[in-house]
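Undergrad: So the protein sequences, as listed, match chains A and B.
Using my numbering, the letters of the first sequence map in sequence onto residues 1 to 238.
Using my numbering, the letters of the second sequence map in sequence onto residues 1 to 294.
If you're looking for bench data, these hints aren't it; they were derived computationally from the structure.
Honestly, I wouldn't trust all of these hints.
Said to hold, decoys possible - Facing chain A, according to a computed beta carbon distance under 10 Å, are these residues of chain B, among others: (1) 130; (2) 137; (3) 179; (4) 183; (5) 186; (6) 193; (7) 261; (8) 263; (9) 265.
Unchecked claim - Straight line, CA to CA, 25 Å or less: simulated SDA-like cross-link-like pairs of lysine to any residue: (10) 132/A to 169/B; (11) 85/B to 24/A; (12) 24/A to 58/A.
Using N, Cα and C, we set each Cβ at its ideal position, and we do this for glycine too.
Here is what each chain is made of, one letter per residue.
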Amino acid sequence: MAQNEVLLRVENLSVAYGQINALKEVNLEVRRGEIVVLIGANGAGKTTLLETTLGINAPKSGEITFKERTISGIPADRNVRFGLCLVPEGRGVFVSMSVLDNLLLGAHHNMKNVGRNLKRVYQWFPRLEERKNQIARTLSGGERQMLAIARSLMSAPELIMVDEPSLGLAPIIVNDIFEILVYLNKEGYTILLSEQNAYKSLKCAHRGYVLETGKVTLSGTAAELLNDPGVREAYIGA
Amino acid sequence: MQTFIAQVINGLSLGSIYVLLATGFNLLLLVAMIIHFAYPQVVVFSMYIAWVVLRYTGNSILLAVLAAIVSSVLLNLISAPLFQKIMKNREEVDINTTMVLSLGIGMIITDILSHGFNKGLPIAFPAKLVGETPILRVGVISLMGGQVASLAVGIVAVSGIFLLLYKTRPGRAFRAIAEDPNGARLVGIPLLRTGLESYALSGVLGGLIAVLLAMLLGYSSPGLGEQVAHKVLAVSIIAGLGNLAGGLVVGLALGILEALVQGYISGSWSNAIAFVVMLLVMLFKPRGLFGIKL
Numbered sequence: 001m002a003q004n005e006v007l008l009r010v011e012n013l014s015v016a017y018g019q020i021n022a023l024k025e026v027n028l029e030v031r032r033g034e035i036v037v038l039i040g041a042n043g044a045g046k047t048t049l050l051e052t053t054l055g056i057n058a059p060k061s062g063e064i065t066f067k068e069r070t071i072s073g074i075p076a077d078r079n080v081r082f083g084l085c086l087v088p089e090g091r092g093v094f095v096s097m098s099v100l101d102n103l104l105l106g107a108h109h110n111m112k113n114v115g116r117n118l119k120r121v122y123q124w125f126p127r128l129e130e131r132k133n134q135i136a137r138t139l140s141g142g143e144r145q146m147l148a149i150a151r152s153l154m155s156a157p158e159l160i161m162v163d164e165p166s167l168g169l170a171p172i173i174v175n176d177i178f179e180i181l182v183y184l185n186k187e188g189y190t191i192l193l194s195e196q197n198a199y200k201s202l203k204c205a206h207r208g209y210v211l212e213t214g215k216v217t218l219s220g221t222a223a224e225l226l227n228d229p230g231v232r233e234a235y236i237g238a
Numbered sequence: 001m002q003t004f005i006a007q008v009i010n011g012l013s014l015g016s017i018y019v020l021l022a023t024g025f026n027l028l029l030l031v032a033m034i035i036h037f038a039y040p041q042v043v044v045f046s047m048y049i050a051w052v053v054l055r056y057t058g059n060s061i062l063l064a065v066l067a068a069i070v071s072s073v074l075l076n077l078i079s080a081p082l083f084q085k086i087m088k089n090r091e092e093v094d095i096n097t098t099m100v101l102s103l104g105i106g107m108i109i110t111d112i113l114s115h116g117f118n119k120g121l122p123i124a125f126p127a128k129l130v131g132e133t134p135i136l137r138v139g140v141i142s143l144m145g146g147q148v149a150s151l152a153v154g155i156v157a158v159s160g161i162f163l164l165l166y167k168t169r170p171g172r173a174f175r176a177i178a179e180d181p182n183g184a185r186l187v188g189i190p191l192l193r194t195g196l197e198s199y200a201l202s203g204v205l206g207g208l209i210a211v212l213l214a215m216l217l218g219y220s221s222p223g224l225g226e227q228v229a230h231k232v233l234a235v236s237i238i239a240g241l242g243n244l245a246g247g248l249v250v251g252l253a254l255g256i257l258e259a260l261v262q263g264y265i266s267g268s269w270s271n272a273i274a275f276v277v278m279l280l281v282m283l284f285k286p287r288g289l290f291g292i293k294l
């Protein structure tokens, strides 16, 4: 894994909302083919890190490079076209629109390959094809999360950032979602995942970072983090 | 019976204009996140532009339509930076400031029309646009060719705009921003550019409405914009602000109701009726008949 090229590199990134420093000098990298997990409690800065990478917030200082190009300060729609995408926290699907419309929104910048991508996504998520004309409001929580992931695939991303996919889902559904992420990773997608559910996410990730009040306090391979006494105590409860 | 049929046709053509106006108004509300109270004034301004072009081109309808569309798009695009400038937070509709700015724009347009064109007197559109002789005449009611044509064009335009909203890529982006601006940004939809597209689209719509109104009414006046603005606001509030499908139903219903009142009671009551309906709806269904969608 170590030989693979660095796809995303975050260097000394600081982000502030007014007076509040949400991220302080964060360093992180994601290599092509990896699943990297960001572990942290509520308010640790996980969502800020992902959204800043996408281009929603402007960093106070530091640099983000993706495919060896600086992307910090570039608006989100251009980064999406460049191969980044985010599956928002809380399954941000458009509930008053149909499943198909949601998927097509994911393809907003990639309408050329829409037919092929739809076919592929339906192959992976047959339930979405069955419900393509249903309004997204009628889907269950797990199905909405699947739709949000499927939608992100429609933009043909190289790095998928997934913000707390397990939030508010039953444990059995959470297992399904992580299985999907591992499967997508095997299909060649690189994944940066943020999670409070440290045990399950580290089980499927290659490497991880622990984020505490805006700072990276620990990083290592998934196995190292799983065996770290601090991580076990704080995030796994063992 | 003939009165009834004539007035239903009349009402449908008036109603389809209300639908288009409410749709343009709602588009700006949902996608650009502004209350453009003066949108009908923009439309009436474009009627005047069409009138001028008709006069100087020997009644070329094609050029008049193009001029109306261009003028309405330009007016919308010119006001866009003003609106965007005063909006600090693009994730919410700032009703107060955008409404004040919009009222100001409306007054300026009305003043320009009353000082700059035809000495402030109402303008009449040529028979070539309105129709030479009535197609149908029942008692005091007569149906002109322009009225029937405006109904036909109105139906095509309403279907077109709804197809665009529900079946095309920009329409999807509009609806996504309307539902959740932040979510739309997270999937990579550019808010500012899509907002500008909605100004342009409602401008195109405004130009078409200008021509339809000219065909239906046969005249225009500086004060027409304000009258229509009240009606559009009533339609949008009765339907539920931002509710496109609701605007479709209520716009057509109000058009027919007004025409029937005009046919059987008196034309001067039609305004009052729209507002009585609005007051009743606000008393019993404060979110409108079909619900606010903001």
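Undergrad: State for each hint whether it applies.
TA: Checked hints:
1. Interface restraint check: residue 130/B against chain A, minimum CB-CB distance 41 Å, threshold 10 Å, status violated.
2. The beta carbon of residue 137/B comes no nearer than 47 Å to any beta carbon in chain A, farther than 10 Å, and the hint placing it at the interface is violated.
3. The restraint placing residue 179/B at the interface with chain A holds, with a minimum CB-CB distance near 5 Å, inside the 10 Å limit.
4. Look at residue 183/B: its Cβ gets to within about 4 Å of chain A, closer than 10 Å, so that hint holds up.
5. Checking residue 186/B against chain A: minimum C-beta separation of about 5 Å stays under 10 Å; hint holds.
6. Interface hint at residue 193/B: satisfied, since its Cβ lies 8 Å from the closest Cβ of chain A, which is below the 10 Å cut-off.
7. Because the closest C-beta pair between residue 261/B and chain A is about 35 Å apart, greater than 10 Å, the hint is violated.
8. Among the interface hints, the one on residue 263/B is violated; its C-beta lies about 39 Å from the nearest C-beta in chain A, farther than the 10 Å criterion.
9. A least Cβ separation of about 40 Å between residue 265/B and chain A goes past the 10 Å threshold, and the interface hint is therefore violated.
10. This hinted pair checks out: residue 132/A and residue 169/B have alpha carbons roughly 17 Å apart, not beyond 25 Å.
11. For the hint linking residue 85/B to residue 24/A, the alpha-carbon distance of about 32 Å lies beyond 25 Å, and the restraint is violated.
12. With a C-alpha separation of about 14 Å, the suggested pair residue 24/A and residue 58/A falls inside the 25 Å cut-off, and the hint holds.
In this structure, the hints that do not hold are numbers 1, 2, 7, 8, 9 and 11, in rising order.
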